[in-house]
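Produce the entire structure from the sequences given, and follow the hints as far as they go.
Each protein sequence line maps, in turn, to chains W and V. Residues 76 to 509 (our numbering) are what the first sequence spells out, left to right. Residues 639 to 892 (our numbering) are what the second sequence spells out, left to right.
Simulated from the structure, these hints should not be mistaken for lab results. Beta carbons: idealized from backbone N, C-alpha and C, even for Gly. Do not take every clue at face value.
[What the hints assert, rightly or not] Partner residues aside, some chain V positions facing chain W, computed with beta carbon under 8 Å:
1) G665
2) A686
3) V693
4) L761
5) L800
[Claimed, not checked] Calculated Cβ distances over 12 Å to all of chain V for the following chain W residues:
6) R112
7) G117
8) I189
9) N235
10) V277
11) E297
12) E356
13) D443
14) Q455
15) R465
16) A476
17) N480
18) S483
19) T487
Spelled out, the chains give:
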Amino acid sequence: MTSDIMIPFYQALTEDVTALSAPQDSLQDTRREALERFAAAGLPTLKTEAWRFTNIQRFLKEYPYEFSNTPATTTANVADEAAIAGLDSYRIVLVNGHLQASLSNLPEGKGIHIGAMSASTDAPGFSKWFNQQKHLSTESLANLNTALFADGLFIELQANVVIDKPIHLVHVYTSDRHAFVQPRHLWILHKNAAATIIESTVHPKQEAVAFANSVTEVVVLENAELWHYNVQQGAENFRNVNTTAAQQGADSRYHHFSFTLPNTPLTRNNLSVILKGSNTETNLKGLYLATGSQHVDNHTFMDHLQPNCNSNEHYKGVLLDTANAVFTGRIHVHQDAQKTNAFQQNNNMLLGDKANINSQPQLEIYADDVKCSHGFTAGQFDEEAMFYLRARGIGEESAKALLVNAFSHDVTDEIAVPALQDYIQGQIEAIMNN
Amino acid sequence: MLTIKNLHAEVEGKKILKGINLEINKGEMHAIMGPNGSGKSSLASVLAGRDNYTVTEGEVWFNGKNLLEMSPEDRAREGVFLAFQYPVEIPGVSNINFLKTAVNEVRTYKGLPPLEAKEFLKLTKEKQQLVDFNTNLMNRSLNEGFSGGEKKRNEIFQLAMLNPQLAILDETDSGLDIDALRIVSNGVNKLRDAEKSFVVITHYQRLLEYIVPDFVHVLYNGRIIKTGTKELALELEEKGYDWLKEAEHEKESV
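Right, here's the structure in full:
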């Protein structure tokens, strides 16, 4: 594969996309089809329904990005910045999506396959599951990722494999030049397998800006369980479009958490879950804490195909300064999906005078015996609570930090890893006291 | 310790306090009684620094410092404590974490190091017993789902933990059954000492059977219209407030 494509990035995306010829590998056909879909649809505009409130083109034009597929490396010191105090875990370090084995400590054992995507195309699960989640092909930037990604992390856990400790996946984004990087991951948990994956990001201080367009495919098969935490530690020199496409088999459990913290000017999280078996449980929890002129867009889709499934979605936002957030919660309950329970909540604290939230639930229900609900709130600090805390000697800033932590507790209380829970609560406190 | 001079305050343009004068010395227990709407709770709120009240005239000095110029948190750190009539429920803030934050912020203000976890726990255990405060409530969210009695006991427990110089109890007795009233009063009595002063705001003489005041003041229409000793409370119980109100109106019409 050619490493860096030296034509103006934005021009290539909008005018001459065929110049980005697909690389010669076993995925050639898949890549070519994805590129054709991308070329046909073009980049999303504000007229694209799913992108009405996020002007992605403005962010793509912001810097003269280059496609960067060259493996980059980092140092232990940089990777250690992602450390979570008290967390006993395996660690996997990816630099711009490329596995850096020297800094990684992988779980090993029978039935565990963890490695670079580029080295895993022969794995049994790869051809069966790669790019099979149907919502991927309708998302323009996901098609671009499929067409041109270089590498990422492949995980396949065979039946009954239970990983004993969380896997801490540290993403380092670094480049000398403004770079457009496209990590691609595929994680498959076969029957009865179980794992916890915590993703963190590290951004070394540097002039160049990294724009990540990453895609993670998650396959949780029969009675398997995945706890998936995505901690988005922000940085000024980062732009993040993160697509997670999950599918679940019967009796499986998938718990997805996203924590979007300050500084990254653009965050777009696409999250779609397709329920292909019955009797599943899905928890989608989000917390976004945005400052400055940050833009955070959580775009979620729960696709209920099968009966007797439960999904519970709760996104909470704290918006300071002129931060802008978007939440879209689409729930599609198909005709066969009787006895579905699908709940959705989006609550916000608008603490900046010019902070803004656009929240839109989209419920499409074609079955008649279901329980579905959605709710939205936007509010400020409770004056009575503030006075009560201050009347006990707690300063205004600490009182605010306590109340923001309290507001977040429906999400943070659900974190099943105590060290991560402490870490997130500590982050909230530090941000509010700053 | 506390000197209130000619204090006038209003809320949303409505005059509530119309010239309060009160002197409280170390170790004294003052009761403030009066009919509904007389300004009792407003006085407590103004002293604690609730910001919807505007002080239009007068002064409040606490240990030689101008109380009215301080933020609510600084008043608390200086040693003024308000036990709320309606303690606020704050889901998601655990009682213990709240207390630890409060105790340590007050200590930091006084130039003391934060309490070690072990010392804090010891102090908590000791003070809990004062008001028979259930340990299970410690780890629950602050006041969330507490019964009326549990909330009031929590106020007195916080009072014990923060150990202020001046405690203002705003209708702490309201809504309590006789057992809870006894527990709360016993807690307050155990906290009484020569250094600490109390202002007990109440509508009922009943509380004063358990907490015996040195002085009783009657607040009516934003002013203290009568001051006496504990016998005054008994007289009020017997005769109600009307005789005082009438006397006050006669004075005004002169």
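Right, here's what the structure says about each hint:
Interface restraint check for G665(V): the shortest CB-CB distance to chain W comes to about 22 Å, outside 8 Å, so the restraint is violated. The beta carbon of A686(V) is positioned within 8 Å of a beta carbon in chain W (closest approach about 5 Å), and the interface hint is therefore held. Taking 8 Å as the C-beta contact cut-off toward chain W, the hint placing V693(V) at the interface is violated, the least distance being around 16 Å. Interface hint at L761(V): violated, since its Cβ lies 15 Å from the closest Cβ of chain W, which is beyond the 8 Å cut-off.
Annotation: L800(V) was flagged as interfacial toward chain W, and the flag holds, the nearest CB pair being 7 Å apart, inside 8 Å. The beta carbon of R112(W) is kept farther than 12 Å from every beta carbon of chain V, the shortest such distance being approximately 45 Å. At roughly 45 Å, the least C-beta separation between G117(W) and chain V is larger than 12 Å, which holds for a residue marked as non-interface. Non-interface status of I189(W) relative to chain V is upheld: no Cβ of that chain comes within 12 Å, the nearest being about 37 Å off.
A cut-off of 12 Å between C-beta atoms confirms that N235(W) is not in contact with chain V; the least separation is 37 Å. Residue placement check: V277(W) keeps its beta carbon more than 12 Å from all beta carbons of chain V (closest about 30 Å). The claim that E297(W) is not at the interface with chain V holds, since no C-beta of that chain comes within 12 Å of its own (minimum 36 Å). With 12 Å as the threshold on Cβ separation, the claim that E356(W) sits away from chain V holds: the shortest Cβ distance comes to roughly 24 Å.
Interface exclusion of D443(W) from chain V stands, the closest Cβ pair being 35 Å apart, more than 12 Å. A cut-off of 12 Å between C-beta atoms confirms that Q455(W) is not in contact with chain V; the least separation is 15 Å. Interface exclusion of R465(W) from chain V breaks down, the closest Cβ pair being 4 Å apart, not more than 12 Å. Residue-level check failed: A476(W) sits 9 Å from the nearest beta carbon of chain V, not beyond 12 Å.
Not every C-beta of chain V lies more than 12 Å from that of N480(W), the closest at about 7 Å, which undercuts listing it as non-interface. The beta carbon of S483(W) is not kept farther than 12 Å from every beta carbon of chain V, the shortest such distance being approximately 7 Å. Not every CB of chain V lies more than 12 Å from the CB of T487(W), the least distance being 9 Å, so the non-interface label is violated.
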